[in-house]
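Enquirer: For chain A, the structure is supplied; the task is to place chains B and C on it using the hints.
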Amino acid sequence: MTAIDTTPAPTGVANDQGPGRLQTVLHFASRQYLVAVLVVLAVAVGIAKPSFWGGGNIENVLFQASLVGLAACGMTLLIAGGLLDLSVGGVIAVSAIAIGTVLPSTTIGGAIVVALAIGVGLGLVNGLLVTYVRIAPFIATLGTLYLFLGLAFIWTSGKVVPITSSNYRAATTETIGRVPYVFLVFLVVAVAAYLLLSRTHFGRTVRAFGSNERAAVLAGLPVARAKVLVFVVAGLCFALSGVFMAGRLSSAEGNMAMGFEMDVIAAVVVGGTALRGGRGTMFGTVVGSLLFAVLANALNLLGVASYWQYVLTGTVLVVAIAIGARRSAAAEVRGAG
Amino acid sequence: MTETVTTLTAEELVAAERDRSAERARRADQRRRLLQNSGVLVPFLIVLVVGVAVVPNFVSSSNVTNMLVNAAILAIVGYGMTLVIAVRGIDLSVGSAQALAACVAASVVNSAGPFVGALVGILVGAGLGAVNGLLVTQARVPGFIATLSTMSVFRGLVLLFTGGAPIMIASAGFKDVATSSLLGVPTPFVIAVLAGGGMWFALERMRFGKHVVAVGGSPEAAVDTGIGVNRVLLRAYLIAGASAGVGGVLLASQLGVVNGSISTGLELQAIAIVVLGGTSMAGGRGNIVGTFVAALLLAMINSGLNLLNVPSFYQYVALGLLLIFALSIDGAQRAAVRRMLEGRHS
Amino acid sequence: MTAVLQVEDVVQEYPGVRALKGVSLDIHAGQVLGLVGENGAGKSTLIRVLGGIEQPVRGSVTLKGVPQRFRSSADSQAAGISVVSQEFRQVPQLSVADNIFLGHELTTGGVVQRGRTRTRSTELLEQLGMDLEADRPVSSLTVGDRQMVEIARALSRTFDVLIMDEPTAALNGAEITRLHAIVRRLAQQGKAIVYVSHHLEEIFAICDDVAVLRDGELVARQPTSELDEPRLVEHMLGRKPTTYEHVSTGEGEATDVRLAVRELQVPGVAEPFSLDVRRGEVLGLAGLVGSGRTELTRALFGDLVGLGGVVEVDGKAVRLRSSREAVRHGIFMLSEDRKSEGILPHLDVTENAMVSRDRRSLPWSRRVLPLRRDESAEFARLRDEMRIRVPHGRQLIGNLSGGNQQKVLLGRALLSGCSVLLLNEPTRGVDVGAKVDIYQLVKQLADRGVAVVVSSSDAPELAAIADRCVVYFAGRQVAELRGRDVTEENIVGASVGQTAQEGSHD
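Residue numbers (UniProt numbering), protein chains in the order written: chain A, 1 to 337; chain B, 1 to 346; chain C, 1 to 506.
Check the hints yourself; a few may be wrong.
[Stated by the list, open to error] Quick partial rundown of chain B residues pointing at chain A, CB under 10 Å, derived from the structure:
(1) Asp29
(2) Gln30
(3) Leu34
(4) Leu92
(5) Leu135
(6) Gly265
(7) Ala272
(8) Tyr314
(9) Gly320
(10) Gly331
(11) Arg334
(12) Val337
(13) Leu341
[What the hints assert, rightly or not] Not the full set, but computed from the structure, chain C residues with beta-carbon under 8 Å of chain B:
(14) Tyr14
(15) Gln93
(16) Asp98
(17) Leu102
(18) Thr107
(19) Gly115
(20) Ala169
(21) Ile176
[As the list claims (entries may be wrong)] Label-pair distances were calculated between CB atoms; the ranges are:
(22) B/Asp29 <-> C/Arg239: 47 to 55 Å
(23) C/Glu201 <-> B/Val289: 26 to 34 Å
(24) C/Arg69 <-> B/Val116: 40 to 48 Å
(25) C/Gly115 <-> B/Pro56: 48 to 56 Å
(26) A/Val304 <-> C/Glu87: 47 to 55 Å
(27) A/Thr106 <-> C/Ser365: 53 to 61 Å
(28) B/Val116 <-> C/Glu126: 42 to 50 Å
(29) A/Thr173 <-> B/Val116: 36 to 44 Å
(30) C/Arg328 <-> A/Arg134: 18 to 26 Å
No lab work stands behind these hints, which were simulated from the structure alone.
Yeah, the Cβ is synthetic: ideal placement off N, Cα and C, and Gly gets one too.
For reference, chain A alone in the conformation it holds in the complex (with noise of 0.2 Å):
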């Protein structure tokens, strides 16, 4: 059926395309009450603690939610691919000790290179266990999650290893005005992924595959091709999310993003992106990982026991998950789901 003719269609067809994008504003905004949530949530601890909006408390805040979401932005495009990483912080672990350990002989630029390629390969491992030996995600990067971490851990010796480089440092958290460099990088990544995510080829056979894997292969899709490669992606954010942890802790070290994962999940949960797979929202990741930062940031001005941080991560991401699947209940009947 090559000899299809691509007259453009009668304009007459054109005004029923699509809902109109009043509409499409509207409903976008109405769905939106999680920004609300950011906002009520902002202004509340404000109240509490004027600290909050203080000197060097917003650059944290932002510096925070900067680094949950620069990974969440690659897991997002995985969750939309119905995969998950759980190996974050291995990966963070490692691309950091290796700007830490290169920065001293090359430039700052070589080494973020060298700890994006070291996100990429890492990023190949798991794509390649869970494509071609067909592991679960979730079980095969829980065993790379590991895995890495023992390569840091040997890597190091088990010490810190400090970036000595303090114009390293300095261009990782250098802010403009009151927005952190890394700010603007993320809210770039973000952009970048969507556009990725919903305007490519690529980004719809993940989103086909993360919708019903079976029927993405029968559509003659490069499934496995495309699943290596959103871990790749996804593996390159999570070390991009490294370079600046390193830089803004002045180290790097095994257990620097120990735990990270959940709150990487977290956000990219909260934000709305359902762990079926399908689709996934970048806006709804920024603000998640907004939330999650704010949240974090409350407790610790409050003077909240850092314990409790593990408890209340879990029970949100577990609550995210609940309403998500009571909200899908009944789109599973559809057989949306």
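Expert: For chains B and C alone, coordinates are given in the frame of chain A:
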């Protein structure tokens, strides 16, 4: 009219097909057994031989006792995990649950005596398992993410409970449980064997076991035949929690001192032994004997690496590799069986 | 005489579809009620409601005078309804005996009585004329034998009402005869039986009464003796059956062969396949469930990897190691299971139609990235051409009716630029109106030069659209029907393994 009339009658065709089908299944079964055995028995023998030959003090009586106790604690947690994986679930919270059970048990032992302490520890484990089960069945949260969350929550709770400080167990009687022996065999090991026997019987011979296989092997069939799928899932998670609790009590008894960060990464070891033991991640039949043997294998590896003074972070790597090896075998086994059932001969 | 089972005004709705629009039905003890209707008429929904798997929106079910509210299949079974479901609900890891007694195990104190389970199973299977070891795992059985196990399972329960949903879809002639004898005996014992079948001669052979469902409504309920086949079909369709004209392609051997299969050895199938499909031809593949025809289409699409033989598309030998490769070589397949192997539920209809689009023919500017404007225009064209009923192109495909989903998938196939199209059960779960549309679309595709292969268990469907029909039995080709010989009767006869009679046309 074109008629390709075959020389065989319909009955002969059907009989021939029946034979082929039976033959395919037989081959598939053979292949599965082969891969399962090579996954656990071969490594077991290799590690045993290497351990005896290379590792100093590997067969010393104190080390053997130590290995058996470690293997017993691991195996008991593994039984629960076997059950959860057999129903297509997963429990990532066993480490945190075990820590919480151990710490609560320890503090109750100090205040109310060893029996009450042990009982409370097991109940705490069962309660935490029930929480997981309810999240999965009632809140409809996928097992891995529900237990990933509770892994964090339980860990937070145990750290809050202990305040970060270790709890010393005063009762000598309680501490004796792990070190005592029955007819020369360490008590925890006897408990593990008995529990394993009970679990095997429940899975192979009892109605519950058939339902577990149905829920894990074909959930739609389970629903259609009127099996209470949620009840089976809830019980599986509850038993997993309870066995983490039993493991926690034994661990507390063995260590004598517990703190909020014990048993981190236990979920990985438990999953590794279960999968290595031949219980497929795809659900269905649980292999309790395999889990038991794999627990012995992992205890030998850990002990060997310790005796050789290998730094602990290499053990991380070893564990990660072991898990991936086990999962690869599982994947290969499933692929091979599928190929066989499709009728290919290689 | 009071009815054993009374169904009153049962309504069932799915989003966008009203599957049952107030069906009332009753059945007496000792009665065999035939339940017929086209695909999508609501038979399966009614059975799921009676089986307790679905809860109706409205209406009541009364069993032996007691109103029932089934919340699960366990409730329905406890009340005395036993169902032989169309899809096999078996646990491959369990033995035949364990599967038969699954859900109502013979136990003492929770421990399964293995001996009794085995002997009772063997007895039940013997009743069905089966000589099968009860200890064998179900995964080792042929599809026909698994069907028998499914029946044995339904018989193993105590029941007053037995519902059989297409029990003969995978059974051969001898087995069907045995099954009919059992159904008659059960009726004599006073059981009420609801018998669902596509094969109308079966209905006439064993049913006392027949109930006809059309579009979710009960349109007829009559004693079988007052009906004949044409009138029954008229009830099912709601009009006189149109006689489809077999317009032979005419050019005969001269037309070029688009798909040539030589000795393709498909895993799990007895004999290698050989086939030729010409440009513009619609080839039907008939046979029971498990006869190997599904495996053949899967192998031709690279979903099952063939073990030997040659497949040529347009004269070029192609390697088919994956579906992706098959699509690239101009082969496309639609699965019989639209929900789990066809639609991408989270994607909108436009994207669903575009996923397999052949980009090689597009200009560079549109190849690299999918352009919204271009794709919506393309979809609008497709929508008009295929009469897809959808408000706009951003609609999620999961919310459409089965027929519209299938049209979107046919659009996907069309845009893939395939020269060979393999269709499995193209009208399963499709309502009557859309069915005719789909037949027309298939014809149109063929007219444009596509070689179409339709694998179907619906003999009238094949009789309606196939130019030629190949019939498989137990993994072997047993008949090839051409032109006017492609009739329902011939297809069914060959499918169940009866030696096909000489076709006489008078």
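Enquirer: So, C/Leu102 near chain B? Judge it on the closest CB pair being under 8 Å.
Expert: Hint on C/Leu102: holds, closest Cβ of chain B at ~5 Å, below 8 Å.
Enquirer: Using the nearest Cβ pair, does B/Gly265 come within less than 10 Å of chain A?
Expert: This hint holds: B/Gly265 lies near chain A, its Cβ roughly 7 Å from the closest one there, short of 10 Å.
Enquirer: Is the shortest C-beta separation between B/Leu92 and chain A less than 10 Å?
Expert: holds, 7 Å
Enquirer: C/Thr107 was flagged as interface toward chain B. Is the shortest Cβ-Cβ separation under 8 Å?
Expert: holds, 5 Å
Enquirer: Less than 10 Å between beta-carbons is the criterion; does B/Tyr314 satisfy it with respect to chain A?
Expert: holds, 7 Å
Enquirer: B/Arg334 was flagged as interface toward chain A. Is the shortest Cβ-Cβ separation under 10 Å?
Expert: holds, 8 Å
Enquirer: Starting from the hint 40 to 48 Å, judge whether the C-beta atoms of C/Arg69 and B/Val116 obey it.
Expert: holds, 46 Å
Enquirer: Regarding the hint that C/Ala169 lies at the interface with chain B, is the smallest CB-CB distance below 8 Å?
Expert: violated, 15 Å
Enquirer: Close enough to count: is the Cβ of B/Leu341 nearer than 10 Å to one in chain A?
Expert: violated, 17 Å
Enquirer: For the restraint on B/Ala272, tell me whether the closest CB of chain A is nearer than 10 Å.
Expert: The hint holds - B/Ala272 has a Cβ within 10 Å of chain A, the shortest such distance being about 8 Å.
Enquirer: Taking the beta carbons of B/Val116 and C/Glu126, is their distance inside 42 to 50 Å?
Expert: Since B/Val116 and C/Glu126 have Cβ atoms about 58 Å apart, the given range 42 to 50 Å is violated.
Enquirer: Can we keep the C/Gly115 interface hint, with Cβ of chain B closer than 8 Å?
Expert: violated, 12 Å
The earlier numbered hints that this structure contradicts are 1, 2, 3, 12, 13, 14, 19, 20, 21, 23, 27, 28 and 29.
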